[in-house]
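Visitor: Chains as they are written, first to last, in the numbering used here: chain W, 36 to 84; chain L, 2 to 227; chain V, 1233 to 1485.
Rather than coming from a laboratory, the hints here were simulated on the basis of the structure.
You can take every hint at face value.
Each computed SDA-like pair below joins lysine to any residue, with the alpha-carbon atoms no more than 25 Å apart: (1) V:Lys1479 <-> W:Leu68; (2) L:Lys9 <-> L:Gly82; (3) W:Lys79 <-> V:Ala1252; (4) V:Lys1453 <-> W:Ile55; (5) L:Lys132 <-> L:Val36; (6) W:Lys79 <-> V:Tyr1253; (7) V:Lys1327 <-> L:Ser225.
Below, a sample of chain V positions facing chain L; criterion: calculated Cβ distance under 10 Å: (8) Leu1380; (9) Gly1384; (10) Ala1388; (11) Ile1389; (12) Arg1393; (13) Lys1397; (14) Ile1401; (15) Val1405; (16) Asn1409; (17) Ile1413.
Note that the Cβ used here is the ideal one computed from N, Cα and C, for glycine as well.
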Amino acid sequence: MSEFFAMGGYAGYVWSSYGIAAIVLFLNAFSSLRRHQSILHRLKRLESK
Amino acid sequence: MQYSQAFKAMLVRDLRIAFRQRAEIMLPVVFFVVVVSLFPLAISPDPKILQNIGPGVIWVSALLSVLMSLQGLFRADFHDGSMEQILLSPYPGPLLVLARIVAQWCVTGLPLIIISPLLGLLFHLETSAIKVLFISLLLGVPYLNMVGAIGVALTIGLRQAGALLSLLVLPLYVPVLIFGSNAVVSASNGLPSDGQLLWLAAMLILASTLSPFVINSALRVSCSFR
Amino acid sequence: MKRSVKGGLWLWFHKMASPAYFYDVAGRLIPWCVIITAILLLVGLIGGLVFAPADYQQGDGFRIIYVHVPSAWMSMFIYIVIAINSAIFLIWHIKLADIVARSSAVLGASFAFLALVTGSIWGKPMWGTWWIWDARLTSELLLLFLYLGYIGLRSAIDDRRVAGKAGAILALVGVANIPIIHYSVVWWNTLHQPASVSKFDDPSIHLSMLIPLLSMALAFKLFYLCIVLINSRSELLEQEKRNQWVKKLVAEL
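With the sequences and hints as input, model every part of the structure.
Guide: See below:
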């Protein structure tokens, strides 16, 4: 198991790459969903006025 | 009025307006010379090094000077409303746009090209290299003007037009920069530079035929809701 | 028979361009896309990190390929999608095309950024430097600039319609230049080839290494589809907020 994480000595490089990729993709997904929600909320508030 | 007369009228108009503000004509050239002069100061006055970096430095500085001079294009007309009048005229938009670009090049591009041999001397370039420098700029600077005008047309009236213009236009400048600068480097090393110059000529032809139409469309889009 | 099929296709096409219909269909499509994305990601990650054998030259370090190459492919794919939609928007004035283009831009730029960062990280153990001006990384950098210019222009223009058209023109000018830029960068690079250049992709890549790569590439594609659908729905709500169908939708929340 620890061999898997060590990645033959390239652990820092491999895992930081995958980590940054995960962060970038997650941020995109998160901001998209949040934008959708906030627009819906804002329109609802405008409607109920 | 015939089309050729309309073209000439537009060209003369722009030139006349430009020459009224003579100080502004000198600005791009002065900028060009100043920027080029900074490099020996920053790097080294050693002739060997200067010969190495000369072509690239001169080309990049020319590019930046053109970029700087683009700011004034179309702007005054846009802000005082005459842009809309020009767009509404019965003459084909691309034709008038071409006239304006030619005027712009005469005022801001041509001086750079003319003074380039002098700058070549400052960098100890050989005569053959200076010749190629002149030709490469002669072919490349109009391209920079035209593609830059596309960027200007898209960003007219925006708040941070200057920075945005640079960002839009720089990736499009890269091919001409690569071939232009490399033509001079090849000439410095005694190698043939015909291929690079032909490439520049091809890009210029492409830009000349297509950019008036693109700029015209972009101007219409930018002016439509202001 | 032919006429009715063509008519049916046009009918579907026009229906899709109708905002309310698209909003509904997209909404139902998204959960499925998410599931398929997750499956493909799992297959790709496990295949790439666990099952693919270590490269004889680069050891386990080559596994970065499974995020680097799909990111690079996606950055180019998305730019082409933006360009095609820009053309459709300019020619046929279909608003949905503009919305799709706008919705794709940030993710496209993210993929270009990711390709650069992972390429740089990969370069450190392989070439010994954090950055190298090789043709592909330099082209990718310029592509990132093209993306940033597109995003910058669209956000700087307040009027939605003008922003759409101006962005479309810029995207088309950009896409026409991409082959020219790439060719000139490759040419420039061959002149200044550094002494030791390692190739990113082996011409003969083993199947066990290839399958996870394709799976990751497809996963990224479907991820892009999810994001585009979600963003398009947001843009549609914003654009159509005065229309009946939006008001009804919001009231039922």
